[in-house]
Amino acid sequence: MAIYSFWIFDRHCNCIFDREWTLKTNPSSGTTNSKLNEDTAKLLYGMIFSLRSISQKLGSLDSFNEIRTIATAKYRAHILCTASGLWFVLLSDLKQEDLSQVLRYLYSEIYVKTVVYNWLSPVDFAETANEKRGQGFRKIRNRQFLLAVEQFLGPMVN
Amino acid sequence: MNSNQKPEMTEHQKQQLQFQLFQESLPKVNEIVYRMLLNETIPMAVSVQNRLSDNSDTQGTLGQELEEKLVLDPLKGHVPSHKLLQQYLASESDQQAKIDNRLNQIGFSLGQKLSQLLIFSNNPSLSFRDMDLLAVMKFVCRDVWRQVFGKQIDNLKTNHRGTFYLLDNNYKPVESLALDDDKSLEEKALIDPYLQFPCGVIRGVLDSLGFKEEGAVICTATLVDNAESSKSKSPISSRAVIFNVQVAVEN
Amino acid sequence: MSASTNSVPNSSTGSKKSLKAFSDDIWKNKTAKINAELFTLTYGSIVSQLCTDYERDFVKVNNQLFLMGYNIGMRLIEDFLARTALPRCESLAKTSEVVSKCAFKIFLNVTPQVGNWSSSQDAFSLFLDENPLSDFVELPMDAAKELWYSNILCGVLKGALEMVQMDCDVFFTSDVLKGDQTTELRVKLNRVLKDEIPAGED
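Taken in sequence, the protein lines are chains A, B and C.
The first sequence begins at 1 in UniProt numbering and counts up one residue at a time.
The second sequence begins at 1 in UniProt numbering and counts up one residue at a time.
The third sequence begins at 1 in UniProt numbering and counts up one residue at a time.
Please note that the accuracy of each hint is not assured.
25 Å max Cα-Cα, derived PhoX-like pairs, lysine-lysine [what the hints assert, rightly or not]:
id, chain 1, residue 1, chain 2, residue 2
1, C, K178, C, K188
2, B, K113, B, K151
3, A, K132, A, K42
4, C, K30, C, K94
5, C, K178, C, K94
6, B, K172, C, K145
7, C, K145, C, K178
8, C, K194, B, K172
9, B, K76, C, K194
10, B, K183, A, K113
11, B, K69, C, K188
12, A, K113, B, K69
13, A, K57, C, K194
14, B, K151, C, K28
15, B, K76, A, K132
16, C, K188, B, K76
17, B, K138, B, K157
18, C, K145, B, K76
19, B, K183, B, K151
20, C, K178, B, K151
21, A, K132, C, K194
22, A, K113, C, K28
23, B, K157, B, K183
24, C, K101, B, K113
25, A, K139, C, K94
26, C, K101, C, K188
27, C, K33, A, K113
28, B, K113, A, K113
29, B, K138, A, K139
30, A, K113, B, K157
31, C, K101, C, K28
32, B, K98, A, K139
33, B, K157, B, K98
None of these hints come from the bench; they were simulated from the model.
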């Protein structure tokens, strides 16, 4: 049982949070803002974006055909897309059949309580038009959110 | 709560139970809507201050034009909540004082109406006829706090000469407020305006119960380090606040 | 590579009843509540402070309430989606139903009537027979003329709908506080916003 990484994308196609446990980093710093992660984020975004477009075309008009998991030979990506355009993504090994409950918890118990209820935090992370369409750089860094993610996902990492 | 187990319920307990049932039967709204309304009051007060300062140099026809624009485009000049709070930090102390005062007044006018609301609800443990100052403060700690903030004040201390310390170990309206790890000083400064509203509520309740003279009641609030919260593992940090209330009493 | 997807049943037939039951359940069993009168009194204190600050210039008060609501709406929508896990609505008719039967129910415990559809089906009204913001409120003469007392609601709806890509105008057309027969809140859809795509992809 292993979760490898956790990503959040916002409705401006920006990665507003990433945490990769397999990389050697200082765990207390929470995020790793390395170039490598930025590239991975873009690829991950592109993959989900494409598959989402296809799955929506496959679905009929009045039913919602949302993508939930994608598997390769070694990885599984678990995805929660909200109506507000947020994507929560977990990468795990193949043993994790379904992490949808974990994703829902990350959204409703962690994101909503530490970002949405937190009036000191933005809920729209793009401050100007130049930071939209995948060109943003701002991340969720408030300490309650980082702590909550570590506490919740930490025990599932290995 | 189980009446079968306690057939010998006293008259007072019966009244309490009845009161509780009555409270539960009153119309309700979602608590989160109330919390969000209170939270947004602080950036709103900053926004008002910005606009009042702007308007001092536009008058007459220009003001009229501005009003027409507001009707056509109600989002003109919109600033998100967290940005308005950052502006509070950056503003001069006289501007901050005006914003604080605005928030305090909102609490005050709520406090004035609250005692009426709570008295008319037939709470059996309340009789205002011969209530002394200490009884009034207990009313604030128990009934007012429970109504507005969903919990009671954890500790009340007094010197019996008009000075009271009310300790709330977990002042809920500020529990979700957090910045990045390295910004704890800013974070504390941003919590300050959030403490004006409850101070106003305390003043308003006292005012409506007879402590009316100008300056008769002074209420200030301080965020205190919460030893228990730093030990606790919950990422949502509870924050302790001490409310210092001074009431001028004739000797 | 294999992909599995999930489809949420979302047919319009029979959804009326289930949406109501769904919302009732959330309200009854999964919602922390407070006294509605406390809410009314607090909102009243805020409005009256604004009237003082703007020296009874009610156009400015209306706008400030709208902005206040907009900021709340941007956040409240996430709370709503987290509670309900509802997908985007496929039509404005569905949106009107979700707003009245679900959002108003879960947050304010009232269910406004939907009606007064425009002929092109791009605008509807919510009739607020009950309004927890203004219960027992009476306006002085000058305010009754110009003040939209519950204007914060328009801002909340504007902000919340925008976050699910619906660009709408939201405004009151009548209010019992002004002596009107009904309290009517109008929602007009300007356009459905396109989801952004990364720069350079179009």
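Point to revise | Enumerated hints in conflict with the structure, sorted upward | key: 5, 6, 8, 12, 19, 20, 23, 24, 25, 28, 29, 30, 32, 33
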